[in-house]
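Taking the hints into account, I'd like the entire structure generated from these sequences.
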Amino acid sequence: MAALVVRGVRDMLKRADFATVSRRHRHKKKWATTEPKFPATRLALQNFDMTYSVQFGDLWPSIRVSLLSEQKYGALVNNFAARDHVSAELEQLSARDFVKEAISHGKPEPENGQTAAPSLASWACSPNLQCFTFARGDVSRFPPARLGSLGVMDYYLMDAASLLPVLALGLQPGDTVLDLCAAPGGKTLALLQTGCCRKSEGWCLGQGRLPTSSCQGHTEYDELPGPGNLAANDLSTSRTGRLQKVLHSYVPQDIRDKNRVRVTSWDGRKWGELEGDTYDRVLVDVPCTTDRHSLHEEENNIFQRSRKKERQMLPMLQVQLLAAGLLATKPGGHVVYSTCSLSHLQNEYVVQGAIELLANQYSMEVQVEGLTHFRKLFMDTFSFFPSCQVGELVIPNLMANFGPMYFCKMCRMT
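In case it helps, the numbering used here puts the sequence shown at residues 5 to 418.
Mixed in with the good hints, there may be bad ones.
Said to hold, decoys possible - Below are the SDA-like pairs computed for lysine to any residue, each with C-alpha atoms no more than 20 Å apart in a straight line: (1) Lys312 <-> Leu49; (2) Lys380 <-> Pro390; (3) Lys104 <-> Asp88; (4) Lys274 <-> Thr241; (5) Lys41 <-> Glu302; (6) Lys104 <-> Arg140; (7) Lys380 <-> Ala106; (8) Lys41 <-> Ser310.
Claimed, not checked - Computed spacing ranges between beta-carbons, pair by pair: (9) Lys312 <-> Asp88: 47 to 53 Å; (10) Gln50 <-> Ala92: 45 to 51 Å; (11) Lys249 <-> Asn132: 22 to 28 Å.
Everything labelled a hint here was simulated from the structure, so no lab data went into it. Small disclaimer: the values here were computed from a predicted structure and weren't measured. Here a beta-carbon is modelled for each residue, glycine too, at the ideal position from N, C-alpha and C.
Laid out in structure tokens, this is it:
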């Protein structure tokens, strides 16, 4: 009996001794399952450090820390709400209407090589457009927008730099307008706030037919909805769903029921075939690396390893979308191209590539319009990169942490 007890104790000690051996010494390490995944946000930062340190040089450290810091917002007043009351409340917060201040600075001066200054009407979107921001260095936050007395939200919180492409478009009363990549809806809402958009008198979609390859959710040769005052499109049906939610929150039902905005989910690259030579003004706010989002959010991050090819193909997609936007514009009409990326590969190079493509394939002449006056008019609110080859770039700055936002205005000459 004693022998059995001794044997049991010996076996127990053996098991205890074995249990002290680390698990990692018993099996080969399985790297795929034991190592944490490399976050897409870190991949984005690595990519930016490699590319933007070369592109921006000594400016990159300050841009970098600003991108990693809390973003600054503007409050776009909803003209469908009690506008005067909302503006007064925002002024009580010590916020200022930066659009109104810019207009009061006076007419822009001539660009280099120009005989006359651009007229105020060529850039001022509308006196109806109001967007409040806090002064440089003021990191105050706006309270969340609330439902107003008229049943719609009082204001829309957005990166105030996102309003610059809309202002650059220079809408005039009666313009036909296309927002080619509209979701999630901030710029579409701003375009609608101007009150300048009207129905297209060109190729009537209500009488046209669209091939299956160009449209999601339509059977072959489905009848298309009639045109609205503003055409808003995005390829992603989930993103157009977000756009619809914005419109439902900020635009009264009676106006929505009158078909003032036509929302579609079509392939924007085919817009030149669908509605060529139709619009007075086209905004092409393309998909991009969304630099600030990519540094802060893992969800829907284009730097995820599974989206590497999609990211590499972005400049080609951007060229195709800009070319389609220019083809959809009437001769003499204007297009504004914009991104929320710092990359010159997605900004200046795309503009130059689209212009060359249209010149070679369509013998179309496109002229880039200077926007130096924008930098002067809005320099109190935003920080601009001084060395863009074409267009303007708002760079993040701790004193004015908006952007990044690139925008370039073009005129279709032929």
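Here is what the structure says about each hint:
| no. | hint | in the structure |
| --- | --- | --- |
| 1 | Lys312 <-> Leu49 | holds (15 Å) |
| 2 | Lys380 <-> Pro390 | holds (11 Å) |
| 3 | Lys104 <-> Asp88 | holds (14 Å) |
| 4 | Lys274 <-> Thr241 | holds (17 Å) |
| 5 | Lys41 <-> Glu302 | holds (12 Å) |
| 6 | Lys104 <-> Arg140 | holds (17 Å) |
| 7 | Lys380 <-> Ala106 | holds (9 Å) |
| 8 | Lys41 <-> Ser310 | holds (12 Å) |
| 9 | Lys312 <-> Asp88: 47 to 53 Å | holds (51 Å) |
| 10 | Gln50 <-> Ala92: 45 to 51 Å | holds (47 Å) |
| 11 | Lys249 <-> Asn132: 22 to 28 Å | holds (23 Å) |
Checked against the numbered hints above, the structure breaks none of them.
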